[in-house]
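> Sequence:
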Amino acid sequence: MRSTSIMIVGVGGQGTLLTSRILGTVGISTGTDVKVSEVHGMSQRGGSVVTYVKMGDKVHSPIIEKGEADILLCFEELEALRWIDYAKKDASIIINTQRIDPMPVITGKAKYPENIVEKIKADYPNVVTVPALELAEACGSIKAVNVVMIGVLAKRTDIAEETWLDAIRKTVKPQFVDLNIEAFKKGYSL
1 MRSTSIMIVG VGGQGTLLTS RILGTVGIST GTDVKVSEVH GMSQRGGSVV
51 TYVKMGDKVH SPIIEKGEAD ILLCFEELEA LRWIDYAKKD ASIIINTQRI
101 DPMPVITGKA KYPENIVEKI KADYPNVVTV PALELAEACG SIKAVNVVMI
151 GVLAKRTDIA EETWLDAIRK TVKPQFVDLN IEAFKKGYSL
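Residue numbers (the numbering used here): 1 to 190.
If you are wondering where the hints come from, they were derived from the structure by calculation, not from laboratory data. Wrong hints could be hidden among the right ones.
[Stated by the list, open to error] Here are the simulated lysine-lysine pairs, DSS-like style, with alpha carbons at most 30 Å apart:
# : residue 1 : residue 2
1 : Lys155    : Lys111
2 : Lys155    : Lys170
3 : Lys66     : Lys35
4 : Lys143    : Lys121
5 : Lys143    : Lys155
6 : Lys185    : Lys88
7 : Lys89     : Lys185
Construct the complete structure from the given sequences, taking the supplied hints into account.
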């Protein structure tokens, strides 16, 4: 198995760290070597956050350089644009269509860019957009956006659905397992 490089990008509070833990658990369950980075960026609610996950036969470092990501899992549109240079041209780019205004936009010092997804699609052929916030709300919690996104990612792998579900059961607090399994299945069914 070759190495797979996954970048998880979003905003603090969107669950990027839990996502990386679930991906790491899936990797270990399939017998691959997995390396997961610490969260980089402003991990408090509202700041830009990126997490790296690499899995394969032998992985030496989780760090992903520009042009190396096989998968870019984007929890927010502006974060997709901010980190797009790290994706390979043929990368799978999964973008939550949610918009979270950063502080400069909130204070009026900057404008939120228009047509982000269209700009990305112009240069990258494998872009999937996901209404993850709406799907998470349908499950009962906006905090499940990340697991909806994991479901979308999982469907595009050759890893069995049950392996993903088992990783969620092992990683998520028991009182939130059912909610997160429902969120995963909504993403997986897209």
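> Does Lys111 lie within 30 Å of Lys155 when you go C-alpha to C-alpha?
This hinted pair is violated, its Cα atoms lying about 35 Å apart.
> Straight-line Cα separation of Lys185 and Lys88 no greater than 30 Å?
OK: Lys185 and Lys88 at ~28 Å, within 30 Å.
> Assess, step by step, whether the Cα of Lys155 is no farther than 30 Å from the Cα of Lys170, and give holds or violated.
Holds, at roughly 20 Å.
> For a C-alpha distance cap of 30 Å, please report whether Lys143 and Lys155 respect it.
OK: Lys143 and Lys155 at ~21 Å, within 30 Å.
> Between Lys89 and Lys185, does the CA-CA distance stay at or below 30 Å?
holds (28 Å)
> Is the Cα-Cα distance between Lys143 and Lys121 30 Å or less?
holds (27 Å)
> Between Lys66 and Lys35, does the CA-CA distance stay at or below 30 Å?
holds (18 Å)
The structure fails to meet hint 1 from the earlier list, while all remaining hints are met.
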